[in-house]
Amino acid sequence: MSITFKVDKFVNDPDDNTKKIVGLRCTDSKGAVFIVDKKITIADGKTDESYVQDAYNDALSEINEWFSGVSVEGKVFNPSDNSLSDGE
Amino acid sequence: MAQHDYVIDNQAFPATRADLNSVLQAIVSNNSGSSAPSTTFANQIWYDSSANILYIRNEDNDANIPLLQLDQSGDVAATLATIIDVLDKSGTNQAGTDLTIRAGAGTGTGAGGKIILQTADGGSSGSSVNPHATAVTILDDSKVGIGSTFGENIASSANKLAVRSDIGTTHYNIMNVWEHENTTTGIEQRIGWAFGDDGGGESSFGIAGYIGMEKANSWNVDSARSSSLTFATAIASSVVERMTIDSVGSIGIVGRAFGLISNGSQPTTTLADDATLNLAVSGTATAGGGLLCIYEPSSGDNAIYHVGYNRANLISDSSTSNFTTGDTDGKNCVIANNHTITFKNRTGSSRGYVFNLFIAGGFNYNQ
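Residue numbers (the numbering used here), protein chains in the order written: chain A, 1 to 88; chain B, 89 to 455.
These are computed hints drawn from the structure, not numbers from a lab. Computed from a predicted model, the values in this text were never measured in an experiment. There may be inaccurate statements among the hints.
[Claimed, not checked] Quick list of in silico lysine-lysine cross-link-like pairs, DSSO-like style, CA-CA up to 27 angstroms: (1) Lys6(A) <-> Lys231(B); (2) Lys19(A) <-> Lys9(A); (3) Lys9(A) <-> Lys248(B); (4) Lys419(B) <-> Lys9(A); (5) Lys19(A) <-> Lys432(B).
Please construct the entire structure, taking both the sequences and the accompanying hints into account.
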């Protein structure tokens with residue numbers, strides 16, 4: 001799995017001052033993009049990395065579900081041997 | 089290793105014989121010595137055995153011209169000539185003589201030698217000789233690297249030409265194409281591509297497209313220096329200009345509506361449920377407006393919004409009210425919050441979307 005994770009939101013939730021919104025922009029090797037936001041409970045002394053780590057863990061199942069789809073989309077199917085390939 | 093003044097002294101025979109032998113030793117050793125001969129002659133060749141340099145005296149016999157430096161360990165020679173100059177032809181309409189610079193060939197599967205051009209960049213003030221570094225490398229398979237050795241990361245994946253720069257400034261030109269001393273409006277310089285095999289005949293290869301830069305005026309005074317950028321592609325062997333960006337930033341696209349791709353394969357952005365995407369940030373409170381088109385491929389639903397400062401008005405919705413403004417559960421939401429235009433997926437599931445924003449005014453499109 002080759003996905004780049006970029007933090008595209010890192011703000012306090014305007015509707016809930018106990019939460020921080022952490023958005024992850026996930027991009028696979030073909031440029032497909034998946035954006036997922038998670039609300040993480042604010043805690044004193046919690047590092048930025050820790051907030052992002054929590055958001056990543058919360059979003060992991062959704063990220064995996066998205067990637068399982070896009071990793072197949074665009075492939076070429078060969079009915080003679082039931083194979084999928086990147087080439088044409 | 090010997091040197092001699094090339095004068096046989098008036099002396100007894102044994103001394104004369106020794107003098108003659110010394111002359112012969114000087115001749116066969118090319119006047120070798122740890123320094124220049126004490127007596128020199130115009131055009132005399134002599135070898136500096138301490139620096140391993142072969143010299144020839146100049147015509148005036150007042151200076152040494154270095155010819156070769158010999159590597160006595162590797163048994164190779166490096167030329168010290170500052171010009172490689174093939175003799176010009178004389179007579180009428182005679183073709184000039186080629187100059188070939190050739191690296192050593194290997195044997196079997198052994199790689200051929202490289203042609204390596206090195207220079208020494210200026211260093212700090214002082215008398216230290218600055219180190220040489222490779223500027224251009226030509227590999228045995230004709231790959232050319234400028235500022236690159238082809239043994240490194242990105243350069244190794246290039247097929248023919250790799251250019252590397254280590255300049256750290258934000259903007260600079262790694263290459264300039266300069267049409268010099270021409271003031272004709274409309275002349276276009278192009279960087280083109282070609283495909284096909286020219287061995288198969290004229291019909292099997294051709295120009296596949298180009299990027300062109302055209303003079304919009306004469307470029308002979310400061311006030312007349314405008315240009316346009318052109319992109320051209322090939323269709324059925326004809327190269328056609330498809331897009332032009334003119335000198336004031338207007339974009340012209342030929343043959344296809346802006347923002348549409350005929351096979352519908354515009355890239356989608358997938359948003360998890362409740363995830364948001366910042367689409368645009370208007371530059372000022374008086375920034376202009378935009379037309380936002382949204383397409384959701386899995387359902388085919390699409391909508392058009394008028395967006396601007398603190399504005400997101402739904403103009404048209406192809407679905408049964410799946411799109412809305414404001415943060416509403418169960419909907420595709422476009423939310424305007426002062427300068428920021430945001431899309432939020434509140435449909436309850438992860439979905440992919442295609443976004444196109446056509447703007448007038450000071451918007452920054454963040455998609």
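Status of each hint after checking the structure:
With a CA separation close to 36 angstroms, the supplied pair lysine 6(A) and lysine 231(B) exceeds the 27 angstroms bound. Distance hint between lysine 19(A) and lysine 9(A) is fulfilled; the C-alpha atoms sit about 13 angstroms from each other, no more than 27 angstroms. Of the pairs offered as hints, the one joining lysine 9(A) and lysine 248(B) is violated, with about 41 angstroms between alpha carbons and a cut-off of 27 angstroms exceeded. The hinted pair formed by lysine 419(B) and lysine 9(A) meets the criterion: a straight-line CA distance of about 21 angstroms does not exceed 27 angstroms.
A hinted pair counts as satisfied when its Cα atoms are at most 27 angstroms apart, and lysine 19(A) with lysine 432(B) qualifies at roughly 18 angstroms.
The earlier numbered hints that this structure contradicts are 1, 3.
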